[in-house]
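Number of protein chains: 2
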Amino acid sequence: MKLYDNSHAPNPRRVRMVLAEKGITDYEKINLDLGAGDNLHPDFLAKNPAGKIPVLELDDGLCLSETGAICRYLDETFSETSLYGATPKQRALIDMWDRRAEFNLVFNAALGFQHTSGFFKDRMTPFPEWGLQSITNYRNSLTLFEQQLQNNEWIAGPEFSIADITAVCAIDFSKVIKVRLDDSTPNLQRWYAAVRARDSYKA
Amino acid sequence: MKLYDNSHAPNPRRVRMVLAEKGITDYEKINLDLGAGDNLHPDFLAKNPAGKIPVLELDDGLCLSETGAICRYLDETFSETSLYGATPKQRALIDMWDRRAEFNLVFNAALGFQHTSGFFKDRMTPFPEWGLQSITNYRNSLTLFEQQLQNNEWIAGPEFSIADITAVCAIDFSKVIKVRLDDSTPNLQRWYAAVRARDSYKA
Numbered sequence: 066m067k068l069y070d071n072s073h074a075p076n077p078r079r080v081r082m083v084l085a086e087k088g089i090t091d092y093e094k095i096n097l098d099l100g101a102g103d104n105l106h107p108d109f110l111a112k113n114p115a116g117k118i119p120v121l122e123l124d125d126g127l128c129l130s131e132t133g134a135i136c137r138y139l140d141e142t143f144s145e146t147s148l149y150g151a152t153p154k155q156r157a158l159i160d161m162w163d164r165r166a167e168f169n170l171v172f173n174a175a176l177g178f179q180h181t182s183g184f185f186k187d188r189m190t191p192f193p194e195w196g197l198q199s200i201t202n203y204r205n206s207l208t209l210f211e212q213q214l215q216n217n218e219w220i221a222g223p224e225f226s227i228a229d230i231t232a233v234c235a236i237d238f239s240k241v242i243k244v245r246l247d248d249s250t251p252n253l254q255r256w257y258a259a260v261r262a263r264d265s266y267k268a
Numbered sequence: 066m067k068l069y070d071n072s073h074a075p076n077p078r079r080v081r082m083v084l085a086e087k088g089i090t091d092y093e094k095i096n097l098d099l100g101a102g103d104n105l106h107p108d109f110l111a112k113n114p115a116g117k118i119p120v121l122e123l124d125d126g127l128c129l130s131e132t133g134a135i136c137r138y139l140d141e142t143f144s145e146t147s148l149y150g151a152t153p154k155q156r157a158l159i160d161m162w163d164r165r166a167e168f169n170l171v172f173n174a175a176l177g178f179q180h181t182s183g184f185f186k187d188r189m190t191p192f193p194e195w196g197l198q199s200i201t202n203y204r205n206s207l208t209l210f211e212q213q214l215q216n217n218e219w220i221a222g223p224e225f226s227i228a229d230i231t232a233v234c235a236i237d238f239s240k241v242i243k244v245r246l247d248d249s250t251p252n253l254q255r256w257y258a259a260v261r262a263r264d265s266y267k268a
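Going down the list, the protein sequences come from chains A and B.
Just so you know, the first sequence maps onto residues 66 to 268 in my numbering.
Just so you know, the second sequence maps onto residues 66 to 268 in my numbering.
A portion of the hints provided could be inaccurate.
In the PhoX-like style, the derived pairs of lysine-lysine whose C-alpha atoms are separated by at most 20 Å in a straight line are [to be verified]:
| id | chain 1 | residue 1 | chain 2 | residue 2 |
| --- | --- | --- | --- | --- |
| 1 | B | 112 | A | 87 |
| 2 | A | 154 | B | 67 |
| 3 | B | 154 | A | 154 |
| 4 | A | 112 | A | 67 |
| 5 | B | 94 | B | 112 |
| 6 | B | 67 | B | 112 |
| 7 | A | 112 | B | 154 |
Calculated from the model, a selection of chain B residues having no Cβ within reach of chain A, i.e. all distances over 12 Å [as the list claims (entries may be wrong)]:
| id | residue |
| --- | --- |
| 8 | 88 |
| 9 | 224 |
| 10 | 241 |
| 11 | 266 |
Stretches of chain B that chain A covers, calculated by requiring three or more beta carbons in the stretch to come under 8 Å of a beta carbon on chain A [stated by the list, open to error]:
| id | segment |
| --- | --- |
| 12 | 73–79 |
| 13 | 149–158 |
| 14 | 248–261 |
Keep in mind the hints are simulated off the structure, nothing from the lab.
Note that CB positions come from ideal geometry on N, CA and C, so glycine has one too.
From just these sequences and the hints, can you work out the full model?
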């Protein structure tokens, strides 16, 4: 397998953490320079017409994109321990929290970065006020996770899951919008220390 | 089961179409008036702290939110025909296209509506220029689906799937941003006629 990757972006890291949690090391990482527009090159657009990373290219040439789809494919295909839960109800709660982490944390952090930094202004129109609002939305949504972690060891319940991976990748990325966890969210801090202690965190 | 619903919103309709495709009729629909803020009432926030519909309340009281998680739960739990594919690769491709439909069509149409109509201006700050850009992004992303449907009967391949449900709910909702399918996308028009012919379309 080949992973079309970028070491700064939050979404490829979600895939790398899933690979690490599953113990999968037999894959090739191909780093794309997003600032230089490697992801807009025709060779890459043939793999993902949306021009987005990550892309996972399987050994038969099939190219999968969309982070959530790649992570779930890897989870279904490799090893017996699942990051997505065992029973339909557990799976639904993990999926629900994974989506909450994606929509509230990953998306708002990405919108905040894209619309305030001007990093991609050669290929999109930034609306700085919308970027600032997205950063506010990101900050406000941390409360939802703080409340959940008051009564749960991990974001979706008693087991580490894909929702923890999605959340931590957003929270680490949020340094680019200058938001860090602080003492106002002690349960998130406790959870963050526990995620950092896992080998997969370094992925 | 109880579905907390709204007849105008695209996301609850995705759930109603899944229920219809699975032949599930034994559930109660509870319509929420979003303009009046029914979804911000403490009784509803106890079911979903994000204040969003749809919510599926199971008979044991467990409340599931996030449309994608609800649809997948229903698919896993009821009947043998899956809207999510049979093999890991089929499932990955359907998930990929479902996410493309959600991020490019549902989200852009919703952002376009929310930021240009002022419908929710009592509870959010609309940025009209960002709304117009989101409508442009919606229009541009139709090309991705038109291209896919040149060589595929349904959006994710040879079988009707959850990706078709997600896409048609966005496309019908897009009347509120004044975008309709036209002769510039003949394959989308052919596909749309085929989706309309299914019983579940009326859900």
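Check each numbered hint against the structure and report the violated ones by number, ascending.
-> Hint check: 1, 3, 12 and 14 fail, others pass.
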